[in-house]
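Trainee: Kindly generate the complete structure, drawing on both the sequences and the hints.
Number of protein chains: 4
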Amino acid sequence: MNIVDGNLTLDSVSKVGDLWREMKTVVDNAPYERKLKLLRAHPDLCCEKLESLSSSSQVEQTRSGLQSLTDGEKERFVTMNGQYKSKFGFPFILAVRHATKYTVLAALEGRLKNEVDVEFLAALSQVHKIAWMRLLHAIHIENPKGFLTCHVLDTANGVPASNMRLHLHRLHPQEQPEFLAEFQTNDDGRLPNGPALKGQDFIVGTYRWTFFVGDYFAQKGNYTSGLPFLDQVPIQFGLDDPDQHYHVPLLVSPWSYSTYRGS
Amino acid sequence: MNIVDGNLTLDSVSKVGDLWREMKTVVDNAPYERKLKLLRAHPDLCCEKLESLSSSSQVEQTRSGLQSLTDGEKERFVTMNGQYKSKFGFPFILAVRHATKYTVLAALEGRLKNEVDVEFLAALSQVHKIAWMRLLHAIHIENPKGFLTCHVLDTANGVPASNMRLHLHRLHPQEQPEFLAEFQTNDDGRLPNGPALKGQDFIVGTYRWTFFVGDYFAQKGNYTSGLPFLDQVPIQFGLDDPDQHYHVPLLVSPWSYSTYRGS
Amino acid sequence: MNIVDGNLTLDSVSKVGDLWREMKTVVDNAPYERKLKLLRAHPDLCCEKLESLSSSSQVEQTRSGLQSLTDGEKERFVTMNGQYKSKFGFPFILAVRHATKYTVLAALEGRLKNEVDVEFLAALSQVHKIAWMRLLHAIHIENPKGFLTCHVLDTANGVPASNMRLHLHRLHPQEQPEFLAEFQTNDDGRLPNGPALKGQDFIVGTYRWTFFVGDYFAQKGNYTSGLPFLDQVPIQFGLDDPDQHYHVPLLVSPWSYSTYRGS
Amino acid sequence: MNIVDGNLTLDSVSKVGDLWREMKTVVDNAPYERKLKLLRAHPDLCCEKLESLSSSSQVEQTRSGLQSLTDGEKERFVTMNGQYKSKFGFPFILAVRHATKYTVLAALEGRLKNEVDVEFLAALSQVHKIAWMRLLHAIHIENPKGFLTCHVLDTANGVPASNMRLHLHRLHPQEQPEFLAEFQTNDDGRLPNGPALKGQDFIVGTYRWTFFVGDYFAQKGNYTSGLPFLDQVPIQFGLDDPDQHYHVPLLVSPWSYSTYRGS
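Protein chains in written order, with our numbering: chain A, 17 to 279; chain B, 17 to 279; chain C, 17 to 279; chain D, 17 to 279.
Since the hints were derived computationally from the structure, they do not count as laboratory data.
Just so we're clear, the structure is a prediction, and the values are computed from it rather than from any experiment.
There may be inaccurate statements among the hints.
Same chains, same names: a pair is fine if it fits in one copy or spans any two.
[As the list claims (entries may be wrong)] Listed next, the in silico BS3-like pairs over lysine-lysine satisfying Cα-Cα at most 27 Å (straight line):
hint : residue 1 : residue 2
1    : Lys51     : Lys129
2    : Lys31     : Lys236
3    : Lys90     : Lys101
4    : Lys236    : Lys117
5    : Lys101    : Lys236
6    : Lys117    : Lys214
7    : Lys103    : Lys51
8    : Lys40     : Lys103
9    : Lys53     : Lys129
10   : Lys40     : Lys129
11   : Lys53     : Lys214
12   : Lys236    : Lys103
13   : Lys101    : Lys40
14   : Lys214    : Lys51
15   : Lys51     : Lys90
16   : Lys53     : Lys103
17   : Lys101    : Lys51
18   : Lys51     : Lys236
Mentor: Here's what the structure looks like:
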């Protein structure tokens, strides 16, 4: 890792995850009182004035949409926020960089019900999450080691789904999805030329596969209904760690499918 | 069933599926020679002049996008179409109302490899499919009996996913998805007020659920990663029979999900 | 709830789960020091002398098979047990009533790696689990409210799997499985006469469905291979709460299946 | 391929599947009348005298348990068999080597409902299936190319399930399962030393994985219930082609799992 002009750069061997895990260990091994102090040092999530916050906090809180709460939502938020603080003795902490106002309200409502011990750990895990996302933002990763792969299995016929067309898009908030590539699965149901994303293209963010399942089963002759139950199958997923392998497969019949984070 | 001014109307007891099954039985019970004659009576799927077709065929073929093939695709289509006809002795038949040019090319390529006996049945099943879709188009269904339901199970915690927000959209070709409704699952993980669609709203077409899975698991405290692997989960499906129950559930953990046509 | 001659009896309205949740709340709301005292009051899990334990603890620990560890396992257990105690300041607690020696060793190894805060909660959750199992053992439940249901979906054809034969067995340690019943699914893929188990027959324990999937798909004509990939499909599951509904369905094609705790 | 003393031996390059596909092509390309003649040449499946059959047919039919039908089953079988013959003009053909009487009755009942064209193809596919199984029986395969692999994914935590114990058994009719091996998954959730079966050990037949899922999640700390819903998870599957790769994975959370024929 190098620091040049105040900017962090990870060399080709280090992983941002390793750095984060080291930071996390320091916190986890600290005594209870120091952890509590850390939690109490966090600013309130708020729906009004942001001036007093650090610039990172300002950016994050603006994104969360908390500034656009309706009156009813604002009242609910303020009430629960107050209850939270008096129950647990520290402010409600949430990694809001990718959260909407709905996520914030749902998380606050859910966590307000926690026992004190459980919530203490939940709050700490949010602190770690915020650290993770600020690290990702602050560090320029020269050569991310992560990559994205796919595999399509035809569970109606017990074979790899070969010759299935699929698209990959990158999603941006408030914008049209960005088309990245079209693929055609090979005989083993995999992408023909290795990972769909790797190296500099493997950017943390939200992506979408679109599988042309209807066309595939039309070719196999598996359909008899008019409008197929499954035609274009979208799978939307987040890539969160630039150094990990994400395998996002599809298991599909004309009437069912599943997906999962594989390896 | 009533015929008024040349328009068919199904009364509240009949089902369009029953009518179709009766028509299908007549064909299925016909001798081989009559079936072959039926197949041979179909027009060629074509990428040029449509004037000679019946108006139903014209509409259907226009939709398929066969008129917008690239030169390479056109050549491939014409070649395979010719091979098909000499191998099987009847024209390539495909229910193209909901098909794209990709579906047509994929189906033609796949079916060209069939044995003669198998393809004879495949072609007949397309005839039935065309009949089905024309029936749906021709008949005014007073009171469709079909309905759409949902159920969300949290497979990480082994419980119904309660309080999960979801949206329902209707999809239209070349247009923005039409927002229909927002729901919040009840304690049993189901829609709180019965079916999402029923009666006059249960229109044959393509729909999309969007499940706010990220918010749900934020409330449960199941997340530790920054950007969740699963946040908004879309499920896109076709409703093909106005008189059937479509149950389209979601089984979901923070790292995997599946769906299926249920009952 | 009645106590007669020292035996607890739950009347038809109470649920053992409600009683347990009340007991749990008392513990959860206690201050940190009292919880720690509770953890420290637990006996060591041990592989030698049991005389000093309460009779409940003796029975539980005998069942776990810790008395039949090999020399190598015993050494590993004793070492890890010592490390655990010095790291966390309380003995390793595990609800061993249904555990084998493998479970004990696996759990000890895994939990030894926990942070102190996390393990404190994990140990408390084992205390609650032990309480739960002792309650189940101590209380005579007049009329359990739980029941067991099933549903079979054919994901290759998108329909309920009707007319599928299935068996239900109860499993007993070291004994042959006890055959309970044979069922044939109805048109909706469900059991024809309501729950497979309910009332007095709904006994906490381990059960097994056996689905005759090969016969079902032979009837549907979906098979072409010689020996089917899936023929008899066993699903083995534990019923833990006498007052809950356990829905244990099967989603199956000739080449894949899934199951889950449903509702 | 060599024929020595009337025994067939496949050399290290040939695959029994290739030989079978060639035989199948000869039949598939024959004219309709010759196919019909082939179907009509098959003996009746029968529940009485077997003397008149070829020795292969005798062995196969004895195994099917048709000789042990109850009176009611025998009557049902004879009636349906007669209806079948008069509807289709050829005897009911079923590959019975691995079938029970339940499979036979289910298949007969299901196929009796087929249209004539469809059943003609179904009967031919049974002829191919019988050929396949007789080939497997007749040919000594020097060096099978098939192998069996496994992979376990933890869908609750989004990671490979490492350090999960599993057993492999071979199942024999009317006998205790034969224990073959115990494995411990590696960091990637796979078997540590390559395929579980390969070469001479890869024998066509029925097998069972047993995954110790309860122990795994006890180590991860995912359980809170007393008796786990999933503890030992059995997966039973048939290996039918000695030259193919069978990948039989497990995707599992504490409350759900799925498996499939992978690649």
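Trainee: All hints are to be evaluated individually against the structure, with a verdict given for each.
Mentor: Verification of the hints:
Both within a single protomer and between protomers do Lys51 and Lys129 lie at most 27 Å apart by alpha-carbon distance, with minima of 21 Å and 20 Å respectively. In this homomeric assembly, Lys31 and Lys236 come within 27 Å of each other (Cα to Cα) only across copies, at 25 Å, whereas the closest approach inside a single copy is 44 Å. Proximity of Lys90 to Lys101 under the C-alpha cut-off of 27 Å is restricted to the intra-copy arrangement: shortest distance 16 Å within a copy versus 48 Å between copies. Taking the closest pair of Cα atoms, Lys236 and Lys117 come within 27 Å of each other only across two copies (16 Å); inside a single copy the shortest separation is 45 Å, beyond that limit.
In this assembly of identical chains, the alpha carbons of Lys101 and Lys236 lie at most 27 Å apart only when taken from different copies (19 Å versus 60 Å within one copy). Taking the closest pair of Cα atoms, Lys117 and Lys214 never come within 27 Å of each other, the shortest separation being 32 Å inside a single copy and 32 Å across copies. In this assembly of identical chains, Lys103 and Lys51 lie within 27 Å of each other by CA distance both inside one copy and across copies; the values are 17 Å within and 19 Å between. For the homomeric pair Lys40 and Lys103, the shortest alpha-carbon distances inside one copy (26 Å) and between copies (19 Å) are both at most 27 Å.
In this assembly of identical chains, the alpha carbons of Lys53 and Lys129 lie at most 27 Å apart whether taken from the same copy (22 Å) or from different copies (25 Å). Taking the shortest Cα distances, Lys40 and Lys129 sit within 27 Å of each other both inside one copy (26 Å) and across copies (15 Å). Taking the shortest Cα distances, Lys53 and Lys214 never come within 27 Å of each other, neither inside one copy (40 Å) nor across copies (53 Å). Taking the shortest alpha-carbon separations for Lys236 and Lys103, only the inter-copy value of 18 Å comes in at or below 27 Å, while the best intra-copy value is 60 Å.
Within a single copy, Lys101 and Lys40 get their C-alpha atoms as close as 24 Å, and across copies as close as 24 Å, so both meet the 27 Å cut-off. Taking the closest pair of Cα atoms, Lys214 and Lys51 never come within 27 Å of each other, the shortest separation being 38 Å inside a single copy and 50 Å across copies. When the C-alpha separation of Lys51 and Lys90 is checked against a cutoff of 27 Å, the pair qualifies neither within a copy, at 29 Å, nor between copies, at 38 Å. In this assembly of identical chains, the alpha carbons of Lys53 and Lys103 lie at most 27 Å apart whether taken from the same copy (16 Å) or from different copies (24 Å).
Proximity of Lys101 and Lys51 under a CA criterion of 27 Å is satisfied in both settings, with 16 Å inside one chain copy and 23 Å between copies. For the identical chains of this complex, Lys51 and Lys236 are inter-copy neighbours only, at 23 Å across copies versus 59 Å inside a copy, given an alpha-carbon limit of 27 Å.
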